[in-house]
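> We have chain A; now place chain B onto it with these hints.
Number of protein chains: 2
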Amino acid sequence: MIRNVAIIGLGLLGGSIGLALRERAPGIATTGFDANPNVRDVAGERGLVGTVCDTPADAVREADLVILCVPVGAMGEAAAAIAEALPEGAIVSDVGSSKQSVSEMLAEALPGRAIIPAHPVAGTEQSGPEAGFASLFTNRWCILTPPKDADQDAIEAVSGFWAALGARVEIMDAEHHDLVLAVTSHIPHLIAYTIVGTASDLEDVTRSEVIKYSAGGFRDFTRIAASDPVMWRDVFLNNKSAVLEMLGRFTEDLTALQRAIRSGDGDTLHDLFTRTRAIRRQVIEEGQDDERPDFGRDH
Amino acid sequence: MIRNVAIIGLGLLGGSIGLALRERAPGIATTGFDANPNVRDVAGERGLVGTVCDTPADAVREADLVILCVPVGAMGEAAAAIAEALPEGAIVSDVGSSKQSVSEMLAEALPGRAIIPAHPVAGTEQSGPEAGFASLFTNRWCILTPPKDADQDAIEAVSGFWAALGARVEIMDAEHHDLVLAVTSHIPHLIAYTIVGTASDLEDVTRSEVIKYSAGGFRDFTRIAASDPVMWRDVFLNNKSAVLEMLGRFTEDLTALQRAIRSGDGDTLHDLFTRTRAIRRQVIEEGQDDERPDFGRDH
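Chains A and B, in that order, give the protein sequences.
When the first sequence is numbered by my numbering, its final residue is 299 and no position is left out of the sequence of numbers.
When the second sequence is numbered by my numbering, its final residue is 598 and no position is left out of the sequence of numbers.
Keep in mind the hints are simulated off the structure, nothing from the lab.
Check the hints yourself; a few may be wrong.
Stated by the list, open to error - Which chain B residues face chain A? A few, computed with CB under 8 angstroms, are given here:
id: 1; residue: I301
id: 2; residue: C352
id: 3; residue: Q451
id: 4; residue: W531
Stated by the list, open to error - Reference listing, derived: stretches of chain B covered by chain A, where coverage requires no fewer than 3 residues with Cβ under 8 angstroms from a Cβ of chain A:
id: 5; stretch: 327 to 333
id: 6; stretch: 380 to 393
id: 7; stretch: 452 to 465
id: 8; stretch: 487 to 501
id: 9; stretch: 537 to 544
id: 10; stretch: 574 to 585
Quick caveat: nothing in here was measured; it's all calculated off a predicted structure.
Beta carbons are placed, not taken as given, at the ideal position from N, Cα and C, and that holds for glycine.
In isolation and in its complexed conformation, chain A is listed as follows:
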């Protein structure tokens, strides 16, 4: 049974885990640490965890479960910083968006420990200790990627933990996770960042025009492109092969549409635009988006 949870990194994800635990599992004691002292101060003020500690070692000393909530590029360092103080039998997990590289980093920094990597597929464009909220994980999926030799009890403990936070849990291998998330998350972010960059660098269309007329579709991309720069830099550097593979598929398909536009092939366009409509309906039926038009934006 998990009684003491340590959260390392108190931004959007770490903070939301703390707040969700306070609301849904008040019997679990929480400690937390963040490398940034200002973040620790805000975490204390907002009560993101029961006790904000001054070192990662202090935060994990009593923990049954440690969750690393730092950018994926910082996971190895964060794991190394808790290695000495980690109690015997404690489970280490994380919330990183790429799983093969993180699994390797954690295994290297914490040899012989119970490591159950995890990825809750949830977030907003906001980041930092002010951004978290208790319902972030409600009805979202959390993917666990336990190594082949992982302890079954540890897997069940982490599954039960995420279910207690309101999430639905799925287990898959890290390689497949990285491919799936490349297409459902990483490539969407990459193309959003790209088009927002492209639009703001044009000579013949001013930035002011881009912003004024953004309600035509562009503004949606600006939300995603406002996501945390360090987190996303690390995702692309750490899920390189799956991202490049999926980017290749996307570019092929975009080239085919470009050809259809150039040649005036309206049927190809109409066929695709009809098929994609069905996907939206399924996303809503599966409870993965707001069914109200325009995400329920204020009009």
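Just chain B, lined up with the frame of chain A:
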């Protein structure tokens, strides 16, 4: 002064204009027509216009202002269908998303008439006569692209009309409009349609996985890719050169990011991801999007 408005096409845009007029300018009489009899029935039930007519000619017979709210590929035909019955001095406008091609179609079908093409930059992913609502244009921009020899009074009448519906009005030439909207609306739609198509056609990732884990970013794209297929087919066929031009810029930038990922160049990624954040802030400051995290989606 505009006293009688005829709306040809009673989908999302036409219906929203009718509802906005009823709410904000109840002194203006409205008539409407849609080629689809089922749409006419719903329009009558919802009261989208005061009188639903059985022919386009009947709808425009008393009009001071006619607004064509049909897909841009159907504008020429819609204009031809009202030519005979159009009262002398009536102004003809539209809501099409591409302006050079529409301007040409209208000028050809209605020689010697007062034509003031317009494009309200507003919409949702929904379409049809059930989709419209009175506040769709509030605080959105409506771009007029009057021909060089347009009558100043006609321009002012259409400007005043859109201001009365709650929109902010800008005037520019049709060619520039088409370039600006290619980047703020058409390319965002094209890449959303593309990635949703790519994701649903993969062999190694199932469609069910794509839908389950769509909250990682993909779901945003499914909303845009649920937009009306005929409308968007016509936009791409009718704004071909600007779309291909902007698509070229986008592809160049995407290729540069691809290279940065492949070579592990984190600084290039971080620099871009930091710059794009500022654009989001400006979009919100300009009142062009909901400032709440995640568009105010329910969590």
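> I'd like to know which numbered hints this structure contradicts. Please list them from smallest to largest.
Failing hints, ascending: 1, 2, 3, 5, 6, 7.
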